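Enquirer: Which chain is which? The protein sequence lines are F and C, in order. In this text, residue positions in the first sequence follow the numbering used here: the first is 4, and each later residue adds one. In this text, residue positions in the second sequence follow the numbering used here: the first is 4, and each later residue adds one.
No lab work stands behind these hints, which were simulated from the structure alone. There's no promise every hint is true.
Identical copies go unnamed one by one, so any copy, or any two together, can satisfy a pair.
Cross-link-like lysine-lysine pairs, in silico, DSSO-like; alpha carbons within 30 angstroms at most [what the hints assert, rightly or not]:
no.	residue 1	residue 2
1	Lys257	Lys177
2	Lys257	Lys237
3	Lys135	Lys198
4	Lys207	Lys27
5	Lys94	Lys138
Nothing here was measured: the structure is a model prediction, and the numbers come from that model.
2 protein chains.
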Amino acid sequence: MRIINPGGPIGVFDSGFGGLTVVKELMRQLPAEDLIYFGDTARVPYGTKSKESIIRFSIENAEVLLKRHVKMIVVACNSSTSYALEVLKNKFDIPIVGVIDPGARKAVEMTQNKRIGVIATSATVNSYAYDKAIKYFDSGVKVFSQACPLFVPLVEEGWMHKKFAVDLAEEYLKSLKRARVDALILGCTHYPLLKNVLKQVMGKKVYLVDSAYEVAGEVKRVLEIISKNRKGKKAQYQFLISDRPQHFQAIAQKFLGRSIHVELVADK
Amino acid sequence: MRIINPGGPIGVFDSGFGGLTVVKELMRQLPAEDLIYFGDTARVPYGTKSKESIIRFSIENAEVLLKRHVKMIVVACNSSTSYALEVLKNKFDIPIVGVIDPGARKAVEMTQNKRIGVIATSATVNSYAYDKAIKYFDSGVKVFSQACPLFVPLVEEGWMHKKFAVDLAEEYLKSLKRARVDALILGCTHYPLLKNVLKQVMGKKVYLVDSAYEVAGEVKRVLEIISKNRKGKKAQYQFLISDRPQHFQAIAQKFLGRSIHVELVADK
Chain F
4 MRIINPGGPI GVFDSGFGGL TVVKELMRQL PAEDLIYFGD TARVPYGTKS KESIIRFSIE
64 NAEVLLKRHV KMIVVACNSS TSYALEVLKN KFDIPIVGVI DPGARKAVEM TQNKRIGVIA
124 TSATVNSYAY DKAIKYFDSG VKVFSQACPL FVPLVEEGWM HKKFAVDLAE EYLKSLKRAR
184 VDALILGCTH YPLLKNVLKQ VMGKKVYLVD SAYEVAGEVK RVLEIISKNR KGKKAQYQFL
244 ISDRPQHFQA IAQKFLGRSI HVELVADK
Chain C
4 MRIINPGGPI GVFDSGFGGL TVVKELMRQL PAEDLIYFGD TARVPYGTKS KESIIRFSIE
64 NAEVLLKRHV KMIVVACNSS TSYALEVLKN KFDIPIVGVI DPGARKAVEM TQNKRIGVIA
124 TSATVNSYAY DKAIKYFDSG VKVFSQACPL FVPLVEEGWM HKKFAVDLAE EYLKSLKRAR
184 VDALILGCTH YPLLKNVLKQ VMGKKVYLVD SAYEVAGEVK RVLEIISKNR KGKKAQYQFL
244 ISDRPQHFQA IAQKFLGRSI HVELVADK
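Bound conformation, chain F alone:
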């Protein structure tokens, strides 16, 4: 593998805000690493778009990051990972980590009864990406998936604590409860913010897999293998956005608990 810029930042892209859960975990688990985040807020969401469009958008997003000399790319969007990860790996000559495999591996590790649930966007569910990844790690596991398109706007309204959040979750999760899954993958980077509601609906015995946490661990392992871990230096963080930079800045600062600079990258 050709190393373009071993001292460079880690690039992360997502369709919008959701990938910030991955950024937060990377900051926590790899505090010395520089990060560049690109959020394609002009075309968000990806979860309802076609395979062809998601692949086109993902290639364009990777190119935005490569222009900034990133040393690796984290695809912090489940829909992009589902459809575009293999295309990106073939097209670009740097390490690329998606959000599917780390979560799938953890769920396989945690399940006792070999029945795993996956909640995600329509695009991720329709791609069968989690099914394939889980069966790769353990072909004996049964996978039950459910698309939950209202969860993202619910989180973006900040209504995680409303009573109807539980009613909505009950509606979406009833087939997974009936299927008696004992591990549930939160297959969309927004969903960790609904953890309490999901725990209440699924019950304490179901293990919830937080992809953001697992992805950061995977990035750490990759960096150890290719020995490009930075140590000791103060990390730099850059945020690029294709629409509404102020809006993004306000939400991201609140979520990350630090002030950040956001740059508009328009008309990609």
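Following the hints, position chain C against chain F.
Expert: Using the frame of chain F, we list chain C on its own:
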């Protein structure tokens, strides 16, 4: 006004599916008119995007229709009308009708206590387009607005009849009930599908303004003025889409109650 193609079709664009409520009304009220619909499903939704992006998308959408020699353009998207209608009118030399004015005029006509409510996407609410239009027709009216970002995905899930649809509507509408509005503009082309829920929450005495119905009436008046009404011929309908044509076709056929042909216009 220069007439490019007086015998041509009426062009209609929207960010996605919502504009079909306008198409259905046009088919009903102007059965002899040819229609070309363009739905920008690759970048849907517009309601959460910035003014600059919405203007850029709207110009591109109008150009798609102009290439097909439309005689007028209906902007069947409230977000586009709010931010881009004036830009489009200045840029293109054919009649362009938006969805804001017709609904605003009807609400002013119907209100008794001069207190009008508007529910719409964030972009439409933040643009103050309805406020301006209502005050243009009657400066003595008070306007109360509420953005309802969960209504579109709720309608797209087909969950208009679930109990939590009423809970969600109660949450969104409580400030408008408190304000004692007696007319409520459904300022997003998806919302007429929630009419029953909105009626239940607001009470029978509040008049609900259906923009789609009012817009079709406006188009009819414009065509009468510029005398390009077609009579007697069998109308042709064309549907252009920037992503997921089969998905659009399935939903549109069900909604319109007729079989249609859908063409993909990619990489705009």
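Enquirer: Would you mind marking each hint as holding or not holding in the structure?
Expert: Okay, the hints, checked on the actual structure:
1. Lys257 / Lys177: Cα proximity of Lys257 and Lys177: across copies only (27 angstroms, versus 33 angstroms in one copy).
2. Lys257 / Lys237: within (21 angstroms within a copy, 57 angstroms between copies)
3. Lys135 / Lys198: Within one copy only: 25 angstroms inside, 42 angstroms across.
4. Lys207 / Lys27: within (25 angstroms within a copy, 49 angstroms between copies)
5. Lys94 / Lys138: Classified as within: same-chain Cα gap 26 angstroms, cross-chain 55 angstroms, threshold 30 angstroms.
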